Amino acid sequence: MIAVLFLVVGIVLGVVLEPTVPVALQPYLPIAVVAALDAVFGGVRAKLDGVFDDKQFVISFISNVLVAAFIVYLGDQLGVGGQLSTGVVVVLGVRIFGNVAAIRRHLFRA
Amino acid sequence: MTERSEGPRFAPDLLTEMFQNPLDPGYADAAARRAAEGPKPRWSRVTSGGFRLLVLVAIGLLFAVAYRHVVAGESESSRAHAGLVDEARGAQARTDDLQGQADALRDEVAALRAEALGAGSGELRALREREAATGLAKVTGDGVIVTVSDAAPQVDPTTGKQVTPEGGRVLDKDLQEVANGLWAAGAEAVAVNGQRLTATSTIRTAGSAILVDFRPVTSPYQVTAIGPDDMLDRFLAGPAAALLRGLKTQYGIDFATSRRDDLILPAAGTDIPLRFARPDVSPSPTPTGGG
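Just so you know, the protein sequences line up as chains A and B, in that order. If you read the first sequence in the working numbering, its first letter stands for residue 1, the second for the next number, and so on. If you read the second sequence in the working numbering, its first letter stands for residue 1, the second for the next number, and so on.
No wet-lab data here; the hints were simulated from the structure. Keep in mind it's a predicted model, so treat the numbers as computed, not measured. Idealized CB from N, CA, C, for every residue including glycine. Each statement offered as a hint is correct.
Partial pick of chain A residues on the chain B-facing surface, computed with a CB cut under 7 Å: (1) Ile11; (2) Val51; (3) Asp54; (4) Gln56; (5) Phe57.
Here chain B is said to cover these stretches of chain A; the calculated rule only asks that three of the stretch's residues, wherever they fall, bring their Cβ under 8 Å from a Cβ of chain B: (6) 12-26; (7) 36-48.
Turn these sequences into a full structure, and let the hints guide you.
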């Protein structure tokens with residue numbers, strides 16, 4: 001519950017403070033959001049599985065965002081940024097789906 | 001991760017592995033380590049818990065920022081679009097306004113002239129007839145409507161877009177043929193989609209649009225003509241109708257004619273400027289030639 005509370009605090013901060021994203025970082029925003037979603041759902045599933053670990057959660061979020069951004073950056077430099085973005089989104093999307101399915105099994109036993 | 005170091009980490013089928021085991025193995029590893037080593041000291045749990053909350057705040061912040069970003073981008077592009085639409089509407093309204101003013105002024109001129117010449121005088125009647133013949137005055141009478149339109153669009157099987165089949169577009173040349181055919185069949189006044197044709201009118205293509213006297217007209221094109229009763233038969237027997245019948249069977253261009261009573265054709269929107277000739281203002285009839 002406290003986790004949800006802090007998530008909401010973050011959203012409220014974002015709405016209230018209206019931080020501006022530097023133009024150079026804007027292309028990575030969507031990828032970062034997908035990576036963050038992956039970390040969040042992975043954490044929720046781990047919590048329900050009873051194996052949640054703070055360190056693992058923190059590191060998975062940071063590394064997810066950094067690796068995803070790095071892959072997209074590399075793709076941009078090589079001229080295949082769009083394709084690599086798609087690849088990142090597909091991989092993270094599959095993981096999100098799998099984790100959400102596990103969460104669903106936990107919550108609804110179905 | 002050390003517990004699972006034996007054997008290959010990747011199953012032979014990467015996709016199957018990915019779908020079956022989406023959870024980070026790290027969570028399981030950490031749980032196993034905890035079970036093996038016992039719970040961590042209290043300070044370690046407090047700091048890592050703090051980091052977790054920090055990351056959660058960061059994720060929330062990220063969501064909010066990304067959402068704001070997307071919304072801002074959307075409103076920006078839709079704002080630009082709305083601005084352009086408004087501009088176009090304004091320009092259209094201004095054009096209509098000016099056109100109305102021009103019509104009112106023209107009516108005023110006509111009324112003043114009728115007054116000056118004296119209503120019912122022979123000169124006024126002659127003037128009116130000439131204006132009607134040249135397209136400078138509104139005319140009414142019985143005639144025909146020739147409707148020509150682009151071939152029905154077909155759905156492209158690969159892209160799913162609606163495309164007009166090759167050659168299925170009405171060309172400026174086709175409309176010219178129709179207009180000329182109507183003139184040849186005895187028409188006294190011709191209009192394309194409400195644009196009256198005069199002796200100097202142009203029908204031509206600009207990009208994918210057809211311009212009649214520099215005003216765009218779109219499919220279906222209605223060519224209206226006022227003329228004698230046998231005009232339609234003569235038009236249908238002429239070369240223009242033959243051409244259009246050919247286009248209809250070959251390319252699917254729609255072509256239809258109908259007789260219509262009490263047609264009203266508007267005056268031509270543009271005055272015909274005299275560039276070289278000058279009207280003679282002397283009241284007496286002047287001899288022509290070297291007299």
